[in-house]
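As given, the protein sequences belong to chains B and S, one line each in that order. Residues 1 to 167 in the UniProt record's numbering are what the first sequence lists, from first letter to last. Residues 1 to 180 in the UniProt record's numbering are what the second sequence lists, from first letter to last.
Please keep in mind that the hints were generated in silico from the structure rather than gathered at the bench. Even for Gly, the Cβ is constructed at its ideal location relative to N, Cα and C. Mixed in with the good hints there might be a few duds.
Unchecked claim - Label pairs and their calculated CB-CB ranges:
| id | chain 1 | residue 1 | chain 2 | residue 2 | range |
| --- | --- | --- | --- | --- | --- |
| 1 | B | Q35 | S | T107 | 33 to 39 Å |
| 2 | S | W37 | B | F4 | 29 to 35 Å |
| 3 | B | K146 | S | A128 | 34 to 40 Å |
| 4 | S | D125 | B | F113 | 28 to 34 Å |
| 5 | S | V153 | B | F4 | 20 to 26 Å |
| 6 | S | Y165 | B | I25 | 33 to 39 Å |
| 7 | B | Q35 | S | K164 | 42 to 48 Å |
Stated by the list, open to error - Straight line, CA to CA, 25 Å or less: simulated PhoX-like cross-link-like pairs of lysine-lysine:
| id | chain 1 | residue 1 | chain 2 | residue 2 |
| --- | --- | --- | --- | --- |
| 8 | S | K38 | S | K86 |
| 9 | B | K149 | S | K38 |
| 10 | B | K154 | B | K108 |
| 11 | S | K86 | B | K149 |
| 12 | S | K109 | B | K154 |
| 13 | S | K109 | B | K92 |
| 14 | B | K78 | B | K120 |
| 15 | S | K109 | S | K74 |
| 16 | S | K74 | B | K92 |
| 17 | B | K92 | B | K133 |
| 18 | S | K86 | S | K74 |
| 19 | B | K133 | S | K109 |
| 20 | S | K105 | B | K92 |
| 21 | S | K38 | S | K74 |
| 22 | S | K105 | B | K133 |
| 23 | B | K78 | B | K146 |
| 24 | S | K74 | B | K154 |
| 25 | B | K78 | B | K154 |
| 26 | S | K109 | S | K86 |
| 27 | B | K149 | B | K78 |
| 28 | B | K51 | B | K133 |
| 29 | B | K149 | S | K74 |
| 30 | B | K149 | B | K108 |
| 31 | S | K105 | B | K51 |
| 32 | S | K38 | S | K164 |
| 33 | B | K51 | B | K92 |
| 34 | B | K154 | B | K133 |
| 35 | B | K51 | B | K120 |
| 36 | B | K154 | B | K120 |
| 37 | B | K154 | S | K105 |
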Amino acid sequence: MHSFGYRANALLTFAVTILAFICAIASFSDNFSNQTPSAQIQILNINWFQKQPHGNDEVSLTLNITADLQSLFTWNTKQVFAFVAAEYETSKNSLNQVSLWDAIIPEKEEANFWIQISNKYRFIDQGHNLRGKDFNLTLHWHVMPKTGKMFADKIVMSGYRLPNAYR
Amino acid sequence: MSWIGETVDSIKSIKIRQLLTQAVTLGMIVTSALIIWKAMMCVTGTESPVVVVLSGSMEPGFQRGDILLLRMTKDPIRTGEIVVFKIDGRDIPIVHRVIEVHERKTTGKVDVLTKGDNNDVDDIDLYADGQMWLHRHHIMGRAVGFLPYVGWVTIIMTEKPIIKYLLIGAMGLLVITSKD
Numbered sequence: 001m002h003s004f005g006y007r008a009n010a011l012l013t014f015a016v017t018i019l020a021f022i023c024a025i026a027s028f029s030d031n032f033s034n035q036t037p038s039a040q041i042q043i044l045n046i047n048w049f050q051k052q053p054h055g056n057d058e059v060s061l062t063l064n065i066t067a068d069l070q071s072l073f074t075w076n077t078k079q080v081f082a083f084v085a086a087e088y089e090t091s092k093n094s095l096n097q098v099s100l101w102d103a104i105i106p107e108k109e110e111a112n113f114w115i116q117i118s119n120k121y122r123f124i125d126q127g128h129n130l131r132g133k134d135f136n137l138t139l140h141w142h143v144m145p146k147t148g149k150m151f152a153d154k155i156v157m158s159g160y161r162l163p164n165a166y167r
Numbered sequence: 001m002s003w004i005g006e007t008v009d010s011i012k013s014i015k016i017r018q019l020l021t022q023a024v025t026l027g028m029i030v031t032s033a034l035i036i037w038k039a040m041m042c043v044t045g046t047e048s049p050v051v052v053v054l055s056g057s058m059e060p061g062f063q064r065g066d067i068l069l070l071r072m073t074k075d076p077i078r079t080g081e082i083v084v085f086k087i088d089g090r091d092i093p094i095v096h097r098v099i100e101v102h103e104r105k106t107t108g109k110v111d112v113l114t115k116g117d118n119n120d121v122d123d124i125d126l127y128a129d130g131q132m133w134l135h136r137h138h139i140m141g142r143a144v145g146f147l148p149y150v151g152w153v154t155i156i157m158t159e160k161p162i163i164k165y166l167l168i169g170a171m172g173l174l175v176i177t178s179k180d
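If we strip away everything but chain B, and leave its shape as in the complex, we get (with noise of 0.2 Å):
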């Protein structure tokens, strides 16, 4: 019951017990954290609207992004990734989701910002269904932790419209 053999295995299996309890806890902290963020997305653009050779609708945007979410960030935080994504309805589909932008924030100082760009992703849709349509700008929010649990959650803007013919 001495021997070294004994002595690594007790102390390797302690260890191993007592990393996981501390990951637990470290992941169960976050569920304290106050979250607060807030966000404003702007379309300052249509920058073209047309139905591609294959049929389908594709509208490139440009977008101003305001947000703030340093809030999200708590001692376990590894990044959070962050992504604006369109939704709508068209006849066939009940919800369509495109993602438009993503950022990965990796520090609570860069939580804060404020861009201006051009769509990252293509707005394609499944059919031509873009003209006048109304859609929601979500921006999303994905807390990774350095271990543990991870968080999502949204902002939904509504209020969105597409022009009414194709330019």
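The hints should help you fit chain S onto chain B, whose structure is shown.
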């Protein structure tokens, strides 16, 4: 002369009993590990409740060697979720993020497009020839939790099997030489 026979018998029987006890203990350890694994499969609703991150396509959030805890529920698949999926005909599960969802009104079926955070392009090239979207049956689970570095044990054991044999040999030796 019968007492010699008796002594020999008692020695033999002790050895056998000890051997059997050790074999049963080993068996108990292995089966309880299996029970825990199967229970996790039930609780999380997916065939593989834990996956090891093998590539760098989700860096810097997930590095190679990290472990992801998965769960699969009947909830609809939405953008932003980190999903684990398998392409038809390929064995390796891929962990990427959903960036596009189109859900049919009538059938409730979804078309899903994924992309690794660290990749420049979406996963269209990873899908099978002619496949434009993932569907629900391709998706094995959603990542809900994360443990750093723990998966390296699995990667090392897979890529250098000699270490796996060494470890199992050492554990076996420990069990056999125990005087309990």
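Can you tell me whether the CB distance of K146/B to A128/S sits inside 34 to 40 Å? Since the Cβ atoms of K146/B and A128/S sit about 36 Å apart, the hinted range of 34 to 40 Å holds.
With a cut-off of 25 Å on the C-alpha distance, tell me whether K51/B and K133/B pass. holds, 14 Å
Please verify whether K38/S and K164/S have alpha carbons no more than 25 Å apart. This hinted pair holds, its Cα atoms lying about 22 Å apart.
Is 29 to 35 Å a correct range for the gap between the Cβ atoms of W37/S and F4/B? holds, 30 Å
Restraint status (C-alpha distance of K149/B to K78/B at most 25 Å): The hint holds at about 12 Å.
Outcome of range test on Cβ distance (Y165/S, I25/B; 33 to 39 Å): holds, 36 Å
Measure nothing beyond the straight line between the CA atoms of K105/S and K51/B; if it is 25 Å or shorter, mark the hint as holding. holds, 23 Å
Keeping to a limit of 25 Å between CA atoms, is the pair of K105/S and K92/B held or broken? The given pair, whose Cα atoms are some 6 Å apart, holds under the 25 Å limit.
Does the structure keep K149/B and K38/S at a Cα separation of 25 Å or less? holds, 21 Å
Indicate whether the distance between the beta carbons of V153/S and F4/B respects the range 20 to 26 Å. holds, 22 Å
Assessment of proposed distance window 28 to 34 Å (beta carbons of D125/S, F113/B): holds, 31 Å
For the pair supplied as a hint, K109/S and K92/B, confirm whether the alpha-carbon distance does not exceed 25 Å. holds, 11 Å
Taken one by one, the earlier hints all hold for this structure without exception.
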